[in-house]
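As they're listed, the protein sequences go chains A and B. With the numbering used here, the residue at position 188 of the first sequence is 216, and numbering never jumps. With the numbering used here, the residue at position 191 of the second sequence is 349, and numbering never jumps.
No lab work stands behind these hints, which were simulated from the structure alone. There's no promise every hint is true.
[To be verified] Once the Cα atoms are required to be at most 25 Å apart in a straight line, the calculated DMTMM-like pairs of lysine to aspartate or glutamate come out as:
(1) LYS328/B / GLU125/A
(2) LYS328/B / ASP365/B
(3) LYS328/B / ASP221/A
(4) LYS40/A / GLU352/B
(5) LYS248/B / ASP201/B
(6) LYS156/A / GLU129/A
(7) LYS164/B / ASP229/B
(8) LYS248/B / GLU125/A
(9) LYS164/B / GLU125/A
(10) LYS40/A / ASP365/B
(11) LYS133/A / GLU366/B
(12) LYS305/B / GLU352/B
(13) LYS169/B / GLU208/B
(14) LYS133/A / ASP229/B
(15) LYS269/B / GLU181/B
(16) LYS183/B / GLU193/B
(17) LYS40/A / ASP405/B
(18) LYS269/B / ASP215/B
(19) LYS328/B / GLU129/A
(20) LYS172/B / GLU280/B
(21) LYS358/B / ASP279/B
(22) LYS232/A / GLU125/A
(23) LYS358/B / GLU161/A
(24) LYS169/B / GLU193/B
(25) LYS248/B / ASP229/B
(26) LYS269/B / GLU218/B
(27) LYS164/B / ASP215/B
(28) LYS164/B / GLU193/B
(29) LYS328/B / ASP229/B
(30) LYS40/A / GLU280/B
(31) LYS248/B / GLU280/B
(32) LYS250/B / GLU125/A
(33) LYS250/B / GLU178/B
(34) LYS305/B / ASP221/A
(35) LYS363/B / ASP229/B
(36) LYS40/A / GLU366/B
(37) LYS228/A / ASP313/B
(38) LYS133/A / ASP365/B
Letter by letter, the chains look like this.
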Amino acid sequence: MSCFLCNSSLGKKLVMSVTGCCLVLFLLFHMSMNLVALISPEGYNAICAFLGANWYAVVATVGLAAFVVLHFVYALILTINNYRARGTQRYAVTANEPGVEWASKNMLVLGVIVVLGLGLHLVHFWSKMMLVELMGQHQNALGLDPTNGAVLVAYTFSKWYNVVLYIVWLAALWLHLNHGVWSMFQTVGWANDTWYPRLKCAAKVVSTLIILGFMAVVVAFFVCSLCGACPAAGCAGCGACH
Amino acid sequence: MNFTLKIWRQKDAKSKGAFETYEVKNISADTSFLEMLDILNNDLVHAGKEPVAFDHDCREGICGMCSLHIDGHAHGPAQAVTTCQMYMRKFKDGATITIEPWRSAAFPVIKDLVVNRGAYDEILQAGGFVSVRTNSVPDGNAIPIPKADADESMDAAACVGCGACAATCKNGSAMLFVAARVSSLAKLPQGRVEGARRAKAMVAKMDELGFGNCTNTGACQAECPKQISIAHIARLNREFLAAKLQD
Numbered sequence: 029m030s031c032f033l034c035n036s037s038l039g040k041k042l043v044m045s046v047t048g049c050c051l052v053l054f055l056l057f058h059m060s061m062n063l064v065a066l067i068s069p070e071g072y073n074a075i076c077a078f079l080g081a082n083w084y085a086v087v088a089t090v091g092l093a094a095f096v097v098l099h100f101v102y103a104l105i106l107t108i109n110n111y112r113a114r115g116t117q118r119y120a121v122t123a124n125e126p127g128v129e130w131a132s133k134n135m136l137v138l139g140v141i142v143v144l145g146l147g148l149h150l151v152h153f154w155s156k157m158m159l160v161e162l163m164g165q166h167q168n169a170l171g172l173d174p175t176n177g178a179v180l181v182a183y184t185f186s187k188w189y190n191v192v193l194y195i196v197w198l199a200a201l202w203l204h205l206n207h208g209v210w211s212m213f214q215t216v217g218w219a220n221d222t223w224y225p226r227l228k229c230a231a232k233v234v235s236t237l238i239i240l241g242f243m244a245v246v247v248a249f250f251v252c253s254l255c256g257a258c259p260a261a262g263c264a265g266c267g268a269c270h
Numbered sequence: 159m160n161f162t163l164k165i166w167r168q169k170d171a172k173s174k175g176a177f178e179t180y181e182v183k184n185i186s187a188d189t190s191f192l193e194m195l196d197i198l199n200n201d202l203v204h205a206g207k208e209p210v211a212f213d214h215d216c217r218e219g220i221c222g223m224c225s226l227h228i229d230g231h232a233h234g235p236a237q238a239v240t241t242c243q244m245y246m247r248k249f250k251d252g253a254t255i256t257i258e259p260w261r262s263a264a265f266p267v268i269k270d271l272v273v274n275r276g277a278y279d280e281i282l283q284a285g286g287f288v289s290v291r292t293n294s295v296p297d298g299n300a301i302p303i304p305k306a307d308a309d310e311s312m313d314a315a316a317c318v319g320c321g322a323c324a325a326t327c328k329n330g331s332a333m334l335f336v337a338a339r340v341s342s343l344a345k346l347p348q349g350r351v352e353g354a355r356r357a358k359a360m361v362a363k364m365d366e367l368g369f370g371n372c373t374n375t376g377a378c379q380a381e382c383p384k385q386i387s388i389a390h391i392a393r394l395n396r397e398f399l400a401a402k403l404q405d
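With the hints as constraints, model all of the structure from the sequences given.
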C-alpha cells in the first residue's frame, strides 16, 4: 500500500492530486477569512486571535506545511522523471497542439512562482504574527502587536511594490489552479467526456473566485492607504501605513 | 508541387544524427506523404545515395506502423489521420517540411526515421489480453452487453499503437496507449475478470520501461490519429487505484 504511493507513476500522481485538493480547500478558507478584513477589522483580529499560537492552529500549520512540501517535492521528482523520459534528443520543430492550455505544460514554473510568493507571504505575515507569538514576544519586527492582523495587512498593502508582487503571485496561482483543479479529478479517475467541460468550467470558477477574493483585499487596502482619511471598512485608522 | 525537405538522417542507433536537406519536384497534390518519400528515395537510389529509412506497412491508416514527426506534429499537421493517409495538398507549394523520428527515451532511433517501438509490445504482453478456454465457440449473445459499453470499448480499441501519444507528450508518457488497451477490455465482461491484475501489470511495465508521468495536458488526444479520448486515461486511473486499494 505505502509502496505504490512512492514507486508507481499513478501512485505519485495520487499524492499530487490529494495534497493539491487539500491546498485548494485551504485557499478557499484563507480567502473567505481575508474578506472579513474588508468588513470589520475587529472581526478579522478575532479570527487572527483564534488562529494565533493555539495548539490546534499550530498543528494545522504544520500539517499544511507538510502538504506544501509533499506537493512540491513530488512535483520535482515527477518532473525529473518526465525530463528523462523525454530523452536527450529533442524535437527541432515543435507546434502547439490544438486545445492544449499553456498552463498545463508549465505547472512546475507556475508552482515555483507560487512557492516563492509563499515565502514572501510568510515573511510578511506568519513571521510577524504566529512566529512572534510562539517565541513569546509581544512586538514584531515592525514594532506592531502580533495579534493585530488588520494593522499588519494595512501596513503591508500600503507599499506599492508589495501590491505588484502579490498580483504577480496571484496571477501565477490562477493559472496553476486553472489546470490543477480539474486535473485532480482526472488523476483519481472522476472524469469523462461529459464531465470535462463541467470540471474545466468549475476549475475556472473556483480559481477565479479565490484570486478575486485575495485581490480585493490587496487592492482595497492599497487604495485605502492612498487617500489616508478614507474611512473605508477595514482601515483601522491607526496610521501605521503612513 | 515542389518541396524542400529537412530530414533527420542517422546511420544507426549509436551514431549521431543530423538534418539533411532534399528537394522534391513535380509532386502531385494527391500524392500521399509516404508516396512523396518513395519518390524522394527513388531519386536518391538513382543518384547512388542511401535512401531514407522510414516505417510503413498497410498505408490504409489501420496498422499503426507509420510514424514521423512532421513540422512539429505527430503524423503531420492533418487531424485524425496517420502519416500514410495525409496528402501533399495539406502543404503549401514550395514549403519547407521538417521530418523527425519519434523522440522519446523509450523509443530509441534505429535508423533515420525508424524508431524501436518494442516498448509498447512489452506493455501489451504484460496484460493487454483476456484469457479464454479453447473449446467450442461460445454463443455470441450469451452475455448481453449494453450498446454504449460496446461502443466505448470499440472507441478505445481503435488505438493502432503507433506511439504518437508518447512521442507528442512533453513528459514522454505512454498513458493514452495503456489507457486505450485497459479501457477497451475493461468495458467488456470478458475483460473484467482480469481487470485489476491487468491495470497493475501494464502500469508497472510502463513505469519500468521509462515512460514519463501524465500531467493531463491533453496533447496526446489532440495528436492521436484515432482521436482516443483522455477519458480512457481517467478510467485507467480508476481501475489502477481501485485495484491497489484492494491489495
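Query raised in the report: Are the Cα positions of LYS40/A and GLU366/B separated by 25 Å at most?
Result: Cα-Cα ~15 Å, so holds.
Query raised in the report: If you draw a straight line from the CA of LYS328/B to the CA of GLU129/A, is it 25 Å or shorter?
Result: Holds, at about 13 Å.
Report task. Would you check the hint for LYS133/A and ASP365/B, treating anything up to 25 Å between C-alpha atoms as holding? Result -> Within the cut-off at roughly 21 Å; holds.
Query - Agreement of LYS172/B and GLU280/B with the hint, judged by alpha carbon distance not exceeding 25 Å - result: holds (23 Å)
Report task. Given the hint that LYS248/B pairs with GLU280/B, test it: the Cα-Cα distance must not exceed 25 Å. Result -> Outside the cut-off at roughly 35 Å; violated.
Query raised in the report: LYS164/B and ASP215/B: Cα distance at most 25 Å?
Result: holds (23 Å)
Query raised in the report: Is the straight-line distance between the alpha-carbon of LYS248/B and that of GLU125/A 25 Å or less?
Result: Distance ~17 Å between LYS248/B and GLU125/A Cα, so the pair holds.
Query raised in the report: Within 25 Å, alpha carbon to alpha carbon, are LYS133/A and ASP229/B?
Result: Distance ~20 Å between LYS133/A and ASP229/B Cα, so the pair holds.
Query raised in the report: Has the given pair, LYS358/B with ASP279/B, been kept, meaning a C-alpha gap of at most 25 Å?
Result: This hinted pair holds, its Cα atoms lying about 16 Å apart.
Query - Pair hint LYS363/B and ASP229/B, alpha-carbon separation not exceeding 25 Å - result: With Cα atoms ~31 Å apart, LYS363/B and ASP229/B exceed 25 Å; violated.
Query raised in the report: Given the hinted pair LYS156/A and GLU129/A, is their alpha-carbon gap at most 25 Å?
Result: Not OK: LYS156/A and GLU129/A at ~38 Å, beyond 25 Å, violated.
Query raised in the report: For the pair supplied as a hint, LYS248/B and ASP201/B, is the alpha-carbon distance within the 25 Å limit?
Result: Between LYS248/B and ASP201/B the Cα gap is close to 23 Å, so the pair holds against 25 Å.
The structure does not agree with the numbered hints 6, 23, 31 and 35 stated previously, though it agrees with the rest.
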